[in-house]
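**Q** Residue numbers (our numbering), protein chains in the order written: chain A, 1 to 434; chain B, 1 to 405.
Relax, there's no trap hidden among the hints.
Simulated coverage check for chain A against chain B, where a stretch passes if three residues somewhere in it have a Cβ under 8 angstroms from a Cβ of chain B:
1) 292 to 300
2) 324 to 331
3) 377 to 389
4) 417 to 425
Bear in mind the hints are in silico, worked out from the structure with no lab data behind them. Think of the CB as a built atom: it goes at the ideal place given N, C-alpha and C, for glycine as much as any other residue.
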Amino acid sequence: MRCSRQVSVLLALVLCATGLRAQDRPHVFRGATIYPVSGPPIENGVLVIHQGKIVAVGPANRVSIPRGAVELDVRGKVIIPGLVDTHSHIGGGDGGDRSATLHPEVRILDAIDPQHDTFWKARAGGITTMNIMPGSGHLMSGQTVYVKPRMARTIQEMLFCQDPLREVCGGMKMANGTNSLGNPPSPGTRAKSAALVRQLFLKAVEYREKIRQAQGDPAKMPARDLQMEALVEILEGKRIVHFHTHRHDDILTAIRLGQEFGFRPVLHHVSEAWKVADEIARARVPCSIIVLDSPGGKHEAVDIRWENGAALEKAGVDVAFHTDDGITDSRLFLRSAALGVRAGMSRQKALEALTLAGARMLGLENRIGSLDPGKDADFVVLSGDPFSVYTHVEQTWIDGRKVFDRANPEHRKYATGGYGVYRGDVYGHDEGEE
Amino acid sequence: MRAFFRVGLLVWIALLGFVPVRAQIAVRGEIVYTMAGSPIRNGVVLIRDGKIERVGQAGSVRIPEGYRVLQARVVTPGLIDAHSVVGLAGIYNVPHDQMQLERSSPIQPELRAIDAYNPQEALVEWVRNLGITTLHTGHGPGALISGQTMLVKTSGRTVEEALVDSVAMVAATLGRTVGQNFSSPGTRSKAVAMLRTELLKAQEYARKRRDPDPTKRPARDLKLEVLADVLEGKIPLLITAQTAPDILAALRLQREFGFRLVLDGAAEVYLVLEEVKQAGVPVILHPTMARTGGEMRNASMETAALLHRAGVPFALQSGYESYVPKTRVVLFEAAIAAANGLPFEAALGAITIQAARILGIDNRVGSLEPGKDADLVLFDGDPFEYTTRVCGVIINGRLVSETCR
Numbered sequence: 001m002r003c004s005r006q007v008s009v010l011l012a013l014v015l016c017a018t019g020l021r022a023q024d025r026p027h028v029f030r031g032a033t034i035y036p037v038s039g040p041p042i043e044n045g046v047l048v049i050h051q052g053k054i055v056a057v058g059p060a061n062r063v064s065i066p067r068g069a070v071e072l073d074v075r076g077k078v079i080i081p082g083l084v085d086t087h088s089h090i091g092g093g094d095g096g097d098r099s100a101t102l103h104p105e106v107r108i109l110d111a112i113d114p115q116h117d118t119f120w121k122a123r124a125g126g127i128t129t130m131n132i133m134p135g136s137g138h139l140m141s142g143q144t145v146y147v148k149p150r151m152a153r154t155i156q157e158m159l160f161c162q163d164p165l166r167e168v169c170g171g172m173k174m175a176n177g178t179n180s181l182g183n184p185p186s187p188g189t190r191a192k193s194a195a196l197v198r199q200l201f202l203k204a205v206e207y208r209e210k211i212r213q214a215q216g217d218p219a220k221m222p223a224r225d226l227q228m229e230a231l232v233e234i235l236e237g238k239r240i241v242h243f244h245t246h247r248h249d250d251i252l253t254a255i256r257l258g259q260e261f262g263f264r265p266v267l268h269h270v271s272e273a274w275k276v277a278d279e280i281a282r283a284r285v286p287c288s289i290i291v292l293d294s295p296g297g298k299h300e301a302v303d304i305r306w307e308n309g310a311a312l313e314k315a316g317v318d319v320a321f322h323t324d325d326g327i328t329d330s331r332l333f334l335r336s337a338a339l340g341v342r343a344g345m346s347r348q349k350a351l352e353a354l355t356l357a358g359a360r361m362l363g364l365e366n367r368i369g370s371l372d373p374g375k376d377a378d379f380v381v382l383s384g385d386p387f388s389v390y391t392h393v394e395q396t397w398i399d400g401r402k403v404f405d406r407a408n409p410e411h412r413k414y415a416t417g418g419y420g421v422y423r424g425d426v427y428g429h430d431e432g433e434e
Numbered sequence: 001m002r003a004f005f006r007v008g009l010l011v012w013i014a015l016l017g018f019v020p021v022r023a024q025i026a027v028r029g030e031i032v033y034t035m036a037g038s039p040i041r042n043g044v045v046l047i048r049d050g051k052i053e054r055v056g057q058a059g060s061v062r063i064p065e066g067y068r069v070l071q072a073r074v075v076t077p078g079l080i081d082a083h084s085v086v087g088l089a090g091i092y093n094v095p096h097d098q099m100q101l102e103r104s105s106p107i108q109p110e111l112r113a114i115d116a117y118n119p120q121e122a123l124v125e126w127v128r129n130l131g132i133t134t135l136h137t138g139h140g141p142g143a144l145i146s147g148q149t150m151l152v153k154t155s156g157r158t159v160e161e162a163l164v165d166s167v168a169m170v171a172a173t174l175g176r177t178v179g180q181n182f183s184s185p186g187t188r189s190k191a192v193a194m195l196r197t198e199l200l201k202a203q204e205y206a207r208k209r210r211d212p213d214p215t216k217r218p219a220r221d222l223k224l225e226v227l228a229d230v231l232e233g234k235i236p237l238l239i240t241a242q243t244a245p246d247i248l249a250a251l252r253l254q255r256e257f258g259f260r261l262v263l264d265g266a267a268e269v270y271l272v273l274e275e276v277k278q279a280g281v282p283v284i285l286h287p288t289m290a291r292t293g294g295e296m297r298n299a300s301m302e303t304a305a306l307l308h309r310a311g312v313p314f315a316l317q318s319g320y321e322s323y324v325p326k327t328r329v330v331l332f333e334a335a336i337a338a339a340n341g342l343p344f345e346a347a348l349g350a351i352t353i354q355a356a357r358i359l360g361i362d363n364r365v366g367s368l369e370p371g372k373d374a375d376l377v378l379f380d381g382d383p384f385e386y387t388t389r390v391c392g393v394i395i396n397g398r399l400v401s402e403t404c405r
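Could you build the full structure based on these sequences and the hints that come with them?
**A** Listed below in structure tokens is the structure:
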């Protein structure tokens, strides 16, 4: 008995060691059409990864292959960078409650279930980075978090940052327009919404001033204030504001608030972007947009257009797409960009809008978003053209590890759905997220 | 006189601008999917007086003089959404434009769809511009019996102009969602018991109204006369049932009362496929991209392919959406089914001829054959590809959209 236990421990060690060694060996993906996004597509390309990073990308005859590499034949396939979803609600998290409308101290990372089944939707859809956000039922619903849908047991294992106690690990969710209106403590009008936000930022400016005046002397420092600390991070450009906004005037209000307090928000949804594309361009504010199968569902989304991507591209605005999952399905994220192409966006910008542009909007463009040496080995193997309905995500890799493989029935079921695949707790509509 | 002439000219120009053109039209397609036989390469469809006049290869069909010629890569019959609430449900999603569910009582078969349909609703225009020419719309899921459904074309200023059939089906729902809208039924067993009680009453009413002695016939009862029509097979009962137990309950009701059943939703139909097949019941399957939440949590994108292989007659639908997007587009749902194992022509069939058969209107729509309504869609590529656009929509021989979308 004891012997067999020793054997199994030994076996486990051996398996573990070989597993580690396999990941330690460079992997070479050979023969695919590669879209690095940072450069033109490469026919018959080679991608080399090692220890979670990209080592080389290029045409077959230009890339030197490290010795001892694991070779993978991906002829006929297409490789693109891992998709970046700039706005998602998966993972079962939440945000601020009904006690207030401004919750800058609330962190969604305290509420996410890293083992939530919805992360499989992201993996099945080729998403390797996401900005998980609290809802839009508040002017400021809380701190968002940037994660990779790794096979994780703890939220810590999914984060981009190393230490959530010391680092900024996400952005700040803000909203204007109708979702955040309501009975007190919510504002009842748009003007009141803006006034409440301005009042809070004024307080933060004062708080920052007190910190400056303390000049590092602990005795002179203001009392710690979780709300103010998060807002000062915004004022100092360390925390990005992700601003939910739909109607053209609300879009300009969001820009105006940012200009007053010296931050440049990422605008989200931006349903009426096509009406004020030039103003958005002049403010040099990026847009993360959603694509819906039909307009409406609420007043401020009635004028949403598929042409938003094309209009913003034409105006010179940095554009990304997002799923807003459960509004659209993470498994079908490529579809959003394809519909953008249908309505006039260039293929190149549309692919960038799924990857590198999103990375920029999260301030993570040095690590992810394109296939360049030194960047994280996050990529997707597709069965065909990225914008074809008939194309499937075949494999999703994060940090050089395969986290989704359609050839594996235990993974494939998450792409198609079926009995007992998903528990069914989709982020609720009444939380007013879109 | 001159001023009068000018006004007349303006009116004439205005008419040209706003009245959809109904002339003799010839549509040429690199591929024409007639859905009645093999696709035709280099096909021509001649349209005259709102009906299809001829369909054939370019070489064998001469285009008569005076016909307006339209050209497309791919031509299909007008698309049919086999179950929607569009027109009762509006784009704003406020109480004043949500007419698909009346919450005052769980059983109201007397509610007519024609009294609530808004043919000028923006969502009707939206789906029309994407090639949906026929809608099966009306009272939605969410009540034990929510009311009647109807069949309309997506054109027409008034419901009368749009109408294909004013009473298509009576809409019923089994499952937990009913309990969210009404205090009773609060359980699924109670729901079935309430339905059986009502149908028994309707049986009695139907028997009495057949009495040869007019004085012994019952007074008119709007509720019971509709249900009596259901029991007499004049109107099918559309039962929305997503889970396997609810699907089986629907089949049980059908066996007990003998009505014509059409299964709707049927997210877990793959668990009870044999039973559904043996019952010979058609299925209007949930949207392929349905969210995997609530009673549809077990939905699979491959169910359409499974139904096809099993030989169960089925159509696809846009369904009901409570928030954003306010409606799905059945063309896109068919596309995802086609990408998940459903053969191309079966996917096209699920939104054309198969849908027409299940809805009982295949004598008028669903395929391109002489004598049928001239409802056509012109695409600039594979209809299911994300990047293909709908570049022309013809309803009853009128070109109602010619902008690529």
